[in-house]
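Build out the structure end to end from the sequences listed, making use of the hints.
Protein chains in written order, with this note's numbering: chain Z, 1 to 310; chain V, 1 to 509.
Since the hints were made in silico from the structure, they are not lab data. One thing to keep in mind: the hints can contain errors.
Said to hold, decoys possible - DEER-style ranges, computed between Cβ atoms:
1) D142/Z / S97/V: 22 to 32 Å
2) D59/V / I270/Z: 30 to 40 Å
3) I270/Z / S97/V: 16 to 26 Å
4) F70/Z / N296/V: 34 to 44 Å
5) R281/V / M222/Z: 51 to 61 Å
6) R492/V / K157/Z: 40 to 50 Å
7) N201/V / G234/Z: 55 to 65 Å
8) A503/V / F290/Z: 40 to 50 Å
9) G234/Z / N152/V: 40 to 50 Å
Note that the structure is a prediction, hence the values are computed from the model and not measured. Just so you know, even glycine gets a beta-carbon here, dropped at the ideal spot from N, CA and C.
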Amino acid sequence: MKEQTKFRRFLKKLYKYRVYLLMLAPAVIYTLVFAYYPMTGVVMAFKKYNYQGGIWGSPWNGIENFKFFFKSGQAALVIRNTVLYNILFIVVGTATQIAVAVFLTEIRNKRFRKVSQSMMFLPYFISWVIVGVMAFNIFSSDYGFINRILVSMGFEKFAFYKEPAAWPFILLFFNIWKGVVYGSVMYMAAIMGVDTSIYEAAAIDGANVFQRIFKVTIPSIMPTVIILFLMSIGGIFKGNFDMFYNLVGSNGLLYNATDVIDTLAFRALISSNDFGMSAAIGLFQSVLCFITVLLANKLVSLYDKDYTLF
Amino acid sequence: MKKRMKKLVSLLLATAMTTGVLTACGGSASNTDVDLKATTDEYVELKMYLLGDRTPDFDEVYGKINEILKEKLNCTISVDFLSWGEHDTKYSLLFSSEEEFDLIFTASSWGHYEQTVALGGFQPLSEEFIQTFAPDIWDVVPAMAWDQAKINGNIYMVPNYQNEFGQDVIAARSDIMEKVGITQITNWEELKAFYLACAENGIYASQGGPWYQYFQNEGLTTTGGAPKGGELVLFNTQDASDLDFYYLLDWPGFTDYCKQMKELADAGCWSPDVLSSTDERQTGLLTGKTAGMIWNLGSCKNFAKQANAENPDWNVTLCDPVASQPKKVNSYINNGVAININSEHKERAMMVLNEFYTNPEVFDLAMLGIEGKHWEAVGDDQYKVIDESNFGVDSNCNWGWTNCEIKRTEYIEDRTALDDTHDAMIDTWNNNVKAEHPYDSFNFDSTAVSTQFAAVEAAIGTYYDPLVSGLVDDVDASIEELRAALESAGIRDVIAEMEKQAAEHVKNK
Numbered sequence: 001m002k003e004q005t006k007f008r009r010f011l012k013k014l015y016k017y018r019v020y021l022l023m024l025a026p027a028v029i030y031t032l033v034f035a036y037y038p039m040t041g042v043v044m045a046f047k048k049y050n051y052q053g054g055i056w057g058s059p060w061n062g063i064e065n066f067k068f069f070f071k072s073g074q075a076a077l078v079i080r081n082t083v084l085y086n087i088l089f090i091v092v093g094t095a096t097q098i099a100v101a102v103f104l105t106e107i108r109n110k111r112f113r114k115v116s117q118s119m120m121f122l123p124y125f126i127s128w129v130i131v132g133v134m135a136f137n138i139f140s141s142d143y144g145f146i147n148r149i150l151v152s153m154g155f156e157k158f159a160f161y162k163e164p165a166a167w168p169f170i171l172l173f174f175n176i177w178k179g180v181v182y183g184s185v186m187y188m189a190a191i192m193g194v195d196t197s198i199y200e201a202a203a204i205d206g207a208n209v210f211q212r213i214f215k216v217t218i219p220s221i222m223p224t225v226i227i228l229f230l231m232s233i234g235g236i237f238k239g240n241f242d243m244f245y246n247l248v249g250s251n252g253l254l255y256n257a258t259d260v261i262d263t264l265a266f267r268a269l270i271s272s273n274d275f276g277m278s279a280a281i282g283l284f285q286s287v288l289c290f291i292t293v294l295l296a297n298k299l300v301s302l303y304d305k306d307y308t309l310f
Numbered sequence: 001m002k003k004r005m006k007k008l009v010s011l012l013l014a015t016a017m018t019t020g021v022l023t024a025c026g027g028s029a030s031n032t033d034v035d036l037k038a039t040t041d042e043y044v045e046l047k048m049y050l051l052g053d054r055t056p057d058f059d060e061v062y063g064k065i066n067e068i069l070k071e072k073l074n075c076t077i078s079v080d081f082l083s084w085g086e087h088d089t090k091y092s093l094l095f096s097s098e099e100e101f102d103l104i105f106t107a108s109s110w111g112h113y114e115q116t117v118a119l120g121g122f123q124p125l126s127e128e129f130i131q132t133f134a135p136d137i138w139d140v141v142p143a144m145a146w147d148q149a150k151i152n153g154n155i156y157m158v159p160n161y162q163n164e165f166g167q168d169v170i171a172a173r174s175d176i177m178e179k180v181g182i183t184q185i186t187n188w189e190e191l192k193a194f195y196l197a198c199a200e201n202g203i204y205a206s207q208g209g210p211w212y213q214y215f216q217n218e219g220l221t222t223t224g225g226a227p228k229g230g231e232l233v234l235f236n237t238q239d240a241s242d243l244d245f246y247y248l249l250d251w252p253g254f255t256d257y258c259k260q261m262k263e264l265a266d267a268g269c270w271s272p273d274v275l276s277s278t279d280e281r282q283t284g285l286l287t288g289k290t291a292g293m294i295w296n297l298g299s300c301k302n303f304a305k306q307a308n309a310e311n312p313d314w315n316v317t318l319c320d321p322v323a324s325q326p327k328k329v330n331s332y333i334n335n336g337v338a339i340n341i342n343s344e345h346k347e348r349a350m351m352v353l354n355e356f357y358t359n360p361e362v363f364d365l366a367m368l369g370i371e372g373k374h375w376e377a378v379g380d381d382q383y384k385v386i387d388e389s390n391f392g393v394d395s396n397c398n399w400g401w402t403n404c405e406i407k408r409t410e411y412i413e414d415r416t417a418l419d420d421t422h423d424a425m426i427d428t429w430n431n432n433v434k435a436e437h438p439y440d441s442f443n444f445d446s447t448a449v450s451t452q453f454a455a456v457e458a459a460i461g462t463y464y465d466p467l468v469s470g471l472v473d474d475v476d477a478s479i480e481e482l483r484a485a486l487e488s489a490g491i492r493d494v495i496a497e498m499e500k501q502a503a504e505h506v507k508n509k
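If you want it as structure tokens, here you go:
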């Protein structure tokens, strides 16, 4: 009896909030269709996939699909590379994005600000394939821009494509170059949201530009920084395949410094088209990312509960 | 309130998952039965997938083909293309997404034949089925070709029928050969001398090391379905009694080759960036960056012709760097057509294929285009090109049904020395075809050792390509690292499985 009244109350509320619920519906449906429904496909990671059986009819395969990754002997190396590159990209990326956001907002001339922001946005629209070709023309030994300059100045050529140690820097550079302004948009929005009266108060107290930035702007956007940081931690075990594949290609000489989980899986499975093993690698990465996000979120909550994602 | 929301959400999730299960079950009913008494009473529209890009006049030409098919078989065919750039990834998606189509181009290794068979994508073709619906194909295709197409005793494709030589040659610039005092390139020593002489004269010889020429000079060739595109395990194709597999790291030749390559790479025979370069194979020769290009005979001739037209003083010629060895005819399953296992009209598809394969009218249309518009006949068995730009000669992925008994050859008006060299080479080769080796038709099926196979493919990249291009600092150390990596990845399991399958293959012959 009690259940029924509860249910009735639920229906009543449903009716009462119908307009809000209707507005919410597209987002819920979108998430269900494009995020939750495809997730059922993870069963493929545990199946010996064949075309006739499809996703559901293929025979089960236990954890067989995960084995190749660890058997390859490269697992530790590529996991290390993936995580280190992502940490590097997140740390340096966040720092440069905040710096760009601060600089751009500090520019008083509106037209100059708009123009420079648009110009810095351009690299974001260049595909990694093109970036790969550009990099080759900069770094190649025969016709590369840098080596041409070195030779004309009387120095020895430097073989970038044989020297793994150079690549963390090259990859970092292109990653930052391509994404910095896109990433800074969020921070700019956060800076715009800071109460101007605080700046006025700081100015009256005699704060200079640097004090204004470090004592007012940055502490004010800290919540945004932490939320974006947590979001990017969610992808820490996923390598940016486009970038690594197009810049490095199949150059085995550089793999020790540039091979990430995604490129290794690509090489291992492209000739056999094994859907099960590909799904297994994807699931493996996702589970690790999920654990990392939970941990990071927990750590942040120890610092300040208001900054957490959930 | 909170609790109830949770319930609601879980209910929604459960619904979504169940729907997923239901829809997926409905779609995957497959039917491998065929009806040997099928007739052409009912009009059907068939669909075929080819590789490459649609040429401007393609639809017009296939319109003509459809007129013939409509009249003879009461059906028409529409064609979709998987472009060169995307077929590696999209080919398997056609099957996994259960796309509706009937015929598809396939080829051993480069055209996804073995992988698709392993995943159950193609209809097995019984002899009775072929004889009933494609009697003319059955008459013309040699028994050896059907044997090659067999995987675990079943035929899954109609192989093409032509003697295509799998031998790569080198297109080399005569002006540079003269300058460095080299008159011919017919064996390994001369090839190496040419490479070194180019380097001394400040020009790259080619875009990488001549790996295939090295092991071909030793009589070896790649094994179908073996890791790294067949290169990791070789066999002696010139000696039919030699049934051993030559696993590279147990074969002293590999070390020897890698050491020679280091010598050549250090001397500057090719760019130190070859591994990262995205240049096409012909770029080096055409732009003058390299003095030579190694590729198959047809491509070498075409690009040599182009290079000569653009730079008359180069005088690019063709040389066979493994002249002493009898020549291997490409396996007939290097091109072919298969029927989709989910096709609703397998019988009609086979009849259509019969027309493409053996009806000269349809065959000429698919290969050359419309007579009078794209080409004109010279006698009964030759053709002359009128307009190559809108359809192209033999370039619309019509290779799956190539039939040398009715295929026209080109009539060349202004012959050059290059054409003579080319024809002379073909004549020599035709008189020097190697004997059949039982492994020529062997194709390794890696399903039983898929874990080890994938691990080997993952482990090999770090060392193998740098080694065969001579770009490592210490050859011996790199070879040892490669050996250790492959052993722990399980190469022995792969080889054991290969030997087992090969023994069965020989027994079944």
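For each hint, the structure was consulted:
1. D142/Z / S97/V: 22 to 32 Å: violated, 43 Å
2. D59/V / I270/Z: 30 to 40 Å: holds, 32 Å
3. I270/Z / S97/V: 16 to 26 Å: Holds: the Cβ-Cβ distance is about 19 Å, inside 16 to 26 Å.
4. F70/Z / N296/V: 34 to 44 Å: Because 39 Å falls inside the window, the suggested range holds.
5. R281/V / M222/Z: 51 to 61 Å: Holds, at about 55 Å.
6. R492/V / K157/Z: 40 to 50 Å: holds, 42 Å
7. N201/V / G234/Z: 55 to 65 Å: holds, 56 Å
8. A503/V / F290/Z: 40 to 50 Å: Holds: the Cβ-Cβ distance is about 47 Å, inside 40 to 50 Å.
9. G234/Z / N152/V: 40 to 50 Å: For G234/Z and N152/V the Cβ distance comes to about 45 Å; the hint holds.
In summary, the one numbered hint that this structure violates is 1.
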